[in-house]
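Novice: Residue-level listing of the chains:
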Amino acid sequence: MNRTAREVADYLGARLDGDPAAPIAGLAGPETARAEDLIYLDSARHAARAANAAAKCVLCMADARLPGKTRIIVEQPKFAFAKVAAWLLPLPRVANGIHATAVIAASARVAPDAAVGPYAVIEDGAEIGARAQVGAHCFVGAGASVGESSILYPRVTLYAGARLGRRVVVHSGTVIGSDGFGYVHGEGRYWKFPQIGSVEIADDVEIGANTAVDRGALAATQIATGVKIDNLVQIAHNVKVGEHSVIAAQTGISGSSVVEKNAVLGGQVGVGDHCTIEEGAICGGGAGILSGKTIRKGQVVWGRPARPLEKFKEQYAWFARLPELAARLRRLEEKLSGTQP
Amino acid sequence: MNRTAREVADYLGARLDGDPAAPIAGLAGPETARAEDLIYLDSARHAARAANAAAKCVLCMADARLPGKTRIIVEQPKFAFAKVAAWLLPLPRVANGIHATAVIAASARVAPDAAVGPYAVIEDGAEIGARAQVGAHCFVGAGASVGESSILYPRVTLYAGARLGRRVVVHSGTVIGSDGFGYVHGEGRYWKFPQIGSVEIADDVEIGANTAVDRGALAATQIATGVKIDNLVQIAHNVKVGEHSVIAAQTGISGSSVVEKNAVLGGQVGVGDHCTIEEGAICGGGAGILSGKTIRKGQVVWGRPARPLEKFKEQYAWFARLPELAARLRRLEEKLSGTQP
Amino acid sequence: MNRTAREVADYLGARLDGDPAAPIAGLAGPETARAEDLIYLDSARHAARAANAAAKCVLCMADARLPGKTRIIVEQPKFAFAKVAAWLLPLPRVANGIHATAVIAASARVAPDAAVGPYAVIEDGAEIGARAQVGAHCFVGAGASVGESSILYPRVTLYAGARLGRRVVVHSGTVIGSDGFGYVHGEGRYWKFPQIGSVEIADDVEIGANTAVDRGALAATQIATGVKIDNLVQIAHNVKVGEHSVIAAQTGISGSSVVEKNAVLGGQVGVGDHCTIEEGAICGGGAGILSGKTIRKGQVVWGRPARPLEKFKEQYAWFARLPELAARLRRLEEKLSGTQP
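Protein chains in written order, with my numbering: chain H, 3 to 343; chain X, 3 to 343; chain F, 3 to 343.
Don't take every hint at face value.
Identical chains blur together in the list; that is why a pair holds if it fits in one copy or across any two.
Pairs of lysine-lysine, DSBU-like flavour, derived with a Cα cap of 35 Å [claimed, not checked]:
(1) Lys-85 <-> Lys-299
(2) Lys-80 <-> Lys-313
(3) Lys-295 <-> Lys-85
(4) Lys-315 <-> Lys-194
(5) Lys-315 <-> Lys-80
(6) Lys-85 <-> Lys-194
(7) Lys-263 <-> Lys-85
(8) Lys-263 <-> Lys-194
(9) Lys-299 <-> Lys-263
(10) Lys-194 <-> Lys-313
(11) Lys-194 <-> Lys-80
(12) Lys-242 <-> Lys-315
(13) Lys-263 <-> Lys-295
(14) Lys-242 <-> Lys-263
(15) Lys-337 <-> Lys-315
It is worth saying that the hints were derived from the structure and are not from the lab.
Given the sequences, and given the hints that come with them, work out the whole structure.
Specialist: See the structure below:
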């Protein structure tokens, strides 16, 4: 990563104000940046941090005053910073080549330019695509597949048959394809409902650490293109998550629920079974969606059980005033105790 | 798994209506079933899905009209389906034989017909019972034991001394026997309270992925026969869970609490320390039980803090009407502003 | 661990009443103690349990009547018990020597008296300090470091560059240094915000099982000295946790929030992004702190969204009486329906 301010501005289609030859060798925050690191400034509140940084080049809006800096002028500096990062930052190296200790079944197909780390186990009929990286201690079960340029950080488990698309990133400790939690009660005990479906994860999905995605019971659990899932999330059997939806940490989605595309689930949200979160809906942090409910397209909900955001906020404000309401009611009662209707 | 409709009906003690020789080679959902897969129909709502399925045999109730299908007639089709699955589906194969790379201490006792996967580590004095399967990358600590026919999916950790009964199934990423979260504050810092107890898990327990079951502090954490625990659940030190109780995903049970038999804890429930959830009680999803509280036998509670379900629902309905109540109160106050008591 | 009552009393600076030569060979709870185990009694409620125990020596307060026992008299028996445990219990043995199967990069520096278990992987430039123990299946990424006398239980992942201090204990399944959940939406999809910061964990920190601590985005995620973190906790990017704070199971702290020193977060707490939990503040179990909020020094809060404890309790008590309040309001309305203001 050795570029000039000119090259970065050209990549972004941005206007340059300053030294076009200024070297850019990395990205950083203002406090830790070296002279040749690119920083960004997207709010006047942080102007002093940028001005005082050692960095010579700043991604910023046209009205940012940064004397002595080379400015690369864009409308959305943070977005531009992320775009430059995607362009310039090297891909993480999770493994190099095929480590001698990897246990790879004879019937597995590993692309010649894929990498597999120490002590990884790849079972019968599994497939590892071109340029994919499988970290140390990963387990790729029989018939599972990892698409091209995907990255499994160390210690990811794919149960048999789990299918991951291209450029999927899965962080350490995550389990994909475990049995769903389905039982039928009878004759005084629980009988396991068969959990023999599959898991299909499309392209450009990223999944955090220690998350669990169960396989479908009879059908498939499906995560669509571009979905981002945080750490410690629970995705139950048969769940479907639509394109470019985002699910924050410690959220749980129960069996057979559907999250449509472009939805946002905050942290610690609980979604009951057989719910539908329609396109673009937003569930605030900690919201609870009752089993079988639908959150309508674009709606914003909060609370447990969840209600439309504005309603919940109004109700919760009155909740704070309950002692006052009760006192006022009491006064009215006293006032009226002598009167007759 | 190659049976006939007759054999399946006989196993269930069910009436057969149709072709007794119809082959049954698998179980499936209506949409993905092949001709020789068994499907079930337990609600008139799904009748068209069953009628349109390629499957020739259907487990259903007597009143289901499915022209052209061979019907196996039972009172509880979903339960019958689970029973057939338990009978016919092969056990998962998590390991085959003792893999050459498994590190097994000389003093460990592994049954000759047990299986241990690649890179599993089994320490001093540990025991692996007959027909048990220990997956790749599992760690079975010193003196820990895995009962006969139990299955540890890849990457399960049993700390030293953890004891699992027979036919126990533990999914990937789960940790059993980690130290409880017990500290005593003194002299300006926290001192670890000794966490030197044990964990005992009885027969026929199933535990999901990435769950944590702590060892007891001085006594034992105990999970009784037939308990089912989902993914990402926290079971703290000294907790006791009674027979055939069910604990859904992301629920946490704090130290020294007791869940009696046949209880049901929904997802994301929080149980404080030293609680008792009595026999057959049900805690709805997201319920919060305060430390030291008892939920009485058979009671159904909801909310955080939890209250009896019907009461909570009534209260929560009024919560929604708080703005209206406040407005009505205001009107009364205005009406009375001129009057004297 | 073979001591006498005299030695233990001397260590604690405690008064001894009974046999100074009574042997102490372990610590236990009253029900499981052998004659030579030390037990403690810190509440008159449990006096019978102590009196009936086989143990000959009891840590107790001066007023505890325990005929026939040797009493070691202290003001805080439970604290004294923890102190004795820290003094006498052997450190856990997670690994012995450097196992032949450990994959250790040539450029890694492992102290001669450190221990590394089977199948551990230690990458380029990583450092393992004196007397540190790295359990089986651990992954220590490039440039990561583990301070002296620290313990990684089996199957801990340290991403590249994660830094752990001295006497840090990390339980199985925990992931330290995974990418934060930071994306910027643009051009119809999410772009990853660079997650290239670090994680710094100071001395005497203990972290439970299956927890996730993300690296900083551009700066560092920092956990200060003496912090205790339970199982299944989420610590997001850029979070700072101050000295001797305590975080119970399944709590999540969102990006860039600060928990100052000596704070206590109960279980299943949710802290939004950019919050400050000031010194000594307490967030009760399940509390939810909205993004950007500050909980003031020493304040105790509860509820979701969180409010000062006493206020929340008062409000929640009235919540239970909402049906009654509504009925009283209705009666007033009826009474007034004939009157004129």
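Novice: All the hints need checking, so say for each whether the structure fits it.
Specialist: Now for the hints, and whether the structure bears them out:
| no. | hint | result |
| --- | --- | --- |
| 1 | Lys-85 <-> Lys-299 | within (29 Å within a copy, 40 Å between copies) |
| 2 | Lys-80 <-> Lys-313 | within (32 Å within a copy, 40 Å between copies) |
| 3 | Lys-295 <-> Lys-85 | between (38 Å within a copy, 31 Å between copies) |
| 4 | Lys-315 <-> Lys-194 | between (42 Å within a copy, 32 Å between copies) |
| 5 | Lys-315 <-> Lys-80 | within (30 Å within a copy, 42 Å between copies) |
| 6 | Lys-85 <-> Lys-194 | between (47 Å within a copy, 8 Å between copies) |
| 7 | Lys-263 <-> Lys-85 | within (22 Å within a copy, 37 Å between copies) |
| 8 | Lys-263 <-> Lys-194 | both (32 Å within a copy, 18 Å between copies) |
| 9 | Lys-299 <-> Lys-263 | within (10 Å within a copy, 42 Å between copies) |
| 10 | Lys-194 <-> Lys-313 | between (41 Å within a copy, 33 Å between copies) |
| 11 | Lys-194 <-> Lys-80 | between (49 Å within a copy, 11 Å between copies) |
| 12 | Lys-242 <-> Lys-315 | both (30 Å within a copy, 29 Å between copies) |
| 13 | Lys-263 <-> Lys-295 | both (17 Å within a copy, 30 Å between copies) |
| 14 | Lys-242 <-> Lys-263 | both (10 Å within a copy, 33 Å between copies) |
| 15 | Lys-337 <-> Lys-315 | both (32 Å within a copy, 28 Å between copies) |
Checked against the numbered hints above, the structure breaks none of them.
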